[in-house]
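2 protein chains.
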Amino acid sequence: MSFFDRHQDLIEKAVQAAKVRGYWSAFSEMPSPKVYGESAPADGKAAFELYQGQKFELNQPGQGQWLSPEVSPYGVKLGVSYPKCDPQALLDAAKAAMPAWQALGARERVGLCVQAITELNARSFEIAHAVMATTGQGWMMAFQAGGPHAQDRALEAVAYAWEEQSRIPAEAVWEKPQGKNPPIRMRKQFEIVGRGVALVIGCGTFPTWNTYPGLFAALATGNAVIVKPHPHAVLPAAITVRVLRDLLAAQGLDPNLVSLFVTDQPEQTQALATHPAVASIDFTGSNAFGQWLMAHCKQAQVYAELAGLNHVLIDSTSAYKAMMDNLAFTLCLYSGQMCTTTQAILVPQGGIDTDEGPKSVQAVQTDLAAAIDRLLAKPEVACAVLGAIQSTDTLARIETAQSGQWGRVVRPSAALTHPEFAGARVRTPVLLACDAADEQAYMHERFGPIASVVTVPSTEAGIKLSERMVREHGALTVGVYSTREPVIQAMTEATWRSRVALSINLTGAVFVNQTAAYSDYHATGGNPAANASYSDSALVANRFRVVQRRQHIQD
Amino acid sequence: MSFFDRHQDLIEKAVQAAKVRGYWSAFSEMPSPKVYGESAPADGKAAFELYQGQKFELNQPGQGQWLSPEVSPYGVKLGVSYPKCDPQALLDAAKAAMPAWQALGARERVGLCVQAITELNARSFEIAHAVMATTGQGWMMAFQAGGPHAQDRALEAVAYAWEEQSRIPAEAVWEKPQGKNPPIRMRKQFEIVGRGVALVIGCGTFPTWNTYPGLFAALATGNAVIVKPHPHAVLPAAITVRVLRDLLAAQGLDPNLVSLFVTDQPEQTQALATHPAVASIDFTGSNAFGQWLMAHCKQAQVYAELAGLNHVLIDSTSAYKAMMDNLAFTLCLYSGQMCTTTQAILVPQGGIDTDEGPKSVQAVQTDLAAAIDRLLAKPEVACAVLGAIQSTDTLARIETAQSGQWGRVVRPSAALTHPEFAGARVRTPVLLACDAADEQAYMHERFGPIASVVTVPSTEAGIKLSERMVREHGALTVGVYSTREPVIQAMTEATWRSRVALSINLTGAVFVNQTAAYSDYHATGGNPAANASYSDSALVANRFRVVQRRQHIQD
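Chains as they are written, first to last, in my numbering: chain A, 943 to 1497; chain B, 943 to 1497.
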């Protein structure tokens, strides 16, 4: 039985889900033994622990020295070492693996990708430990975002890839009538050919969730893929690559179709990214490197998700406390180390109307700080929500924010002691306050647990500022709180112009920084924060080309 | 009744045709009064003649001086003048027209586009005269390629635009189960938003066929379009723009959604193409300008069709005379002024096996020259097939070719007197001969009626050379003649690697330089001759973005 046949129901459900855009998930987000098997939690932990201090063998070509670049934000000693491979050897091997992958056809390529995704799902606990240890995410987020949610995004990308490829027939008969003469008849054959070797560059915070869409979109459309993980978050990518290589080999296919390129030297990544043989690049990370890629990698299609100025405008609310709790959770979750975390909260200088009566700007500042305090009151909850700080750059940024140079400190950040990991870099959010006129204070991305309450002259001015922030600096998420329909409408139209997703009056268990596969588009691809979206047709349609041949049919 | 409702059957047939890829056409390619109406030929001619010597009024904003840049290759005095408009005024007006176009929604946008295409079809005779007079095409080609075939390519692009947009729901309910608690329910709304103003830059040889796919793909996906025609072929574009503007105005929409930018100064086109408000560019034309656009217009998505080295490899044939006739017609049709015309005919030095016995390279050269002579024996047939030379650059290139510096002249070009147009620039093809080692002779595009028989060491060497020509210089078409299956297979695999369409053993009424809408992809988008194809999902999917909003559903 082919993998496509085995997974056909799942694939069709995923295709359908992406059309209906309601709630659907292929994989359970609960780390429950009932779903994943009684031994799954222990097995996953044991598998993770087996990697520590060991060489991660991949049997890739061009293998040279071993690197061990990971530093756990939890202070855990990982000590996993990875083979550094000659990029030219990886490229040559990737190119050599492509013809057989092409010959397999879209149907079986898609089938094998889905098989790989289900195998990754079975290893969700193991991957969750790897994600947690390398990124600093809390356990639940590491399991969900690193495991099933990432797998859902992968399946979603494969579903789009299948939609776009399945519409192309392998063969057609073209029969043109010629009046009373016999028709002209031609046989046409259509071969789907990948663009070439894809390079997928991961980030340090979401090494699977942000890597899988590009990885699986490229693979399913007939390309070889080299995965270049962030040097601090290699293990989740390495496990993923191994699953794919093992599966390919077991099917008699060349495992070098997918390989891992580990380096801690950006100039080596730059050299690979500008190599003529690299036909596409998926990138998640900093503006600086992303802009460099877009400017210099003219030989490749670049799909880039960079940083932006995510923000929320508060005009009024009928659920003040719930709004504050919702905002506080967004600011605290994974210490704000999400590309979707709110950075600025725009509040009109005259204050806001609420179900608890009018609230001044000062009250909003204080109440938001209090909501954060409330959420983080219990240390074990705090540590579970906050996780640890992934990068020392972020630690330094918190210090700068504390100094007051980006605005008055409303709520200072504090270091917490993690009950389980003594060396964990745990920090609570710093909340700042400034005026909209003081643009140097907030008009720049400050990745991490740093947010500002920005006083704007009025709601109308806030809508205009929001539009400009997105147009000029980009954003993945914008929120609005208002009880007034014209405000929501004006904000909606502003986000159409600036091309950013809008969340309206979130007061429950959905947060502005979360997107759901098959339903929410992650990034629009239409503002400076990202030139592509997870997941849509545009993410897959240009990753392959159709090469046709035609000849007369001889009667 | 909405336009979509009116044309729904046509749209669905076009969508289906592009999936089945058999023969289908929405419009009759025969310039027959029975199809187009008894008075259509005379009406079309009269409409065309009414333009001559007149101002072509479009009532566009920013109107300045009047330009009359067209020079007919037939020596006909056209004297049509066009308003030169301030690009900023056109851009501002285009942007202002977009919100209402967005609000119309994909369905009615697509409907209006199809209505415009059917109105263009009704004016096929008028447009054919305009195409013939400006491009130098013969009448039949001007009618077919300028009229129904261009309209089919337009409808095909709209069909893809509809496919990609219709899969996106306007609204969804997202309901996530919460175990024993009530589900989380959210309403999500999805707005399709165009990328921004599209610039569509036409060429001098096919002012409708090469302009319509970009024009209608951009329009249907929610964008405003500025059409910048080649200064020598403005009238067909001007008529098209007027049809669209009149239709928009009649529907109460802003006609400035579509405008014409006429200039004869390339630096003005460059300034417009790099304007921050231009979000996409469709270009057909020279490598030099196309490469400039791709290097400099970083703010825009660029869809470019440039030049390439189209060629045919002859290994053997079972129909020698029919092959020669087929090749001769390709070389003569519109004096080789097609982006798909064969430029090089690769022949192994040991000669070829044919149904008439072995033929030496010299025999192939002589017999191809003789086939050309045979086709052009009757002057009225010759002029109808050849048309006239569109550009003085091409005339100059013919002279250079005649000088022998690009290889030995096997068949010289000759000037013919057109029976109807005394001033017509009619030239027969020049056929050259050279060795594969002499790359300066043939490894460069020579647009126009210039082709070379290139002697290659062997069929195998010819296949390798073919792959290299496409990889390094690009091609839109490659042909092979062989009676040996392994040769066809090897050539097929070479074209997969170099990503170019292959025509095999064409000996009848299908020519390597012709592509059929809904069935043949024009360009693969995968070699240097073009970075996009007519028409596929990739041509439309990234012309719009989806902007979503979401909010809780209150029970």
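Since the hints were derived computationally from the structure, they do not count as laboratory data.
Please note that a few of the clues may not be correct.
Identical chains share a label here; the pair holds if one copy fits it or two copies do between them.
[What the hints assert, rightly or not] Straight-line Cα separation of at most 27 Å, BS3-like style, residue types lysine-lysine; simulated pairs:
1. Lys-1118 with Lys-961
2. Lys-1122 with Lys-1263
3. Lys-961 with Lys-997
4. Lys-1019 with Lys-1406
5. Lys-1320 with Lys-955
6. Lys-987 with Lys-1118
7. Lys-997 with Lys-1118
Against the structure, the hints come out as follows:
no.: 1; hint: Lys-1118 with Lys-961; result: between (35 Å within a copy, 17 Å between copies)
no.: 2; hint: Lys-1122 with Lys-1263; result: between (80 Å within a copy, 25 Å between copies)
no.: 3; hint: Lys-961 with Lys-997; result: neither (44 Å within a copy, 49 Å between copies)
no.: 4; hint: Lys-1019 with Lys-1406; result: neither (48 Å within a copy, 54 Å between copies)
no.: 5; hint: Lys-1320 with Lys-955; result: neither (41 Å within a copy, 63 Å between copies)
no.: 6; hint: Lys-987 with Lys-1118; result: neither (64 Å within a copy, 29 Å between copies)
no.: 7; hint: Lys-997 with Lys-1118; result: neither (63 Å within a copy, 42 Å between copies)
Hint compliance for this structure: hints 3, 4, 5, 6 and 7 are broken, all remaining hints hold.
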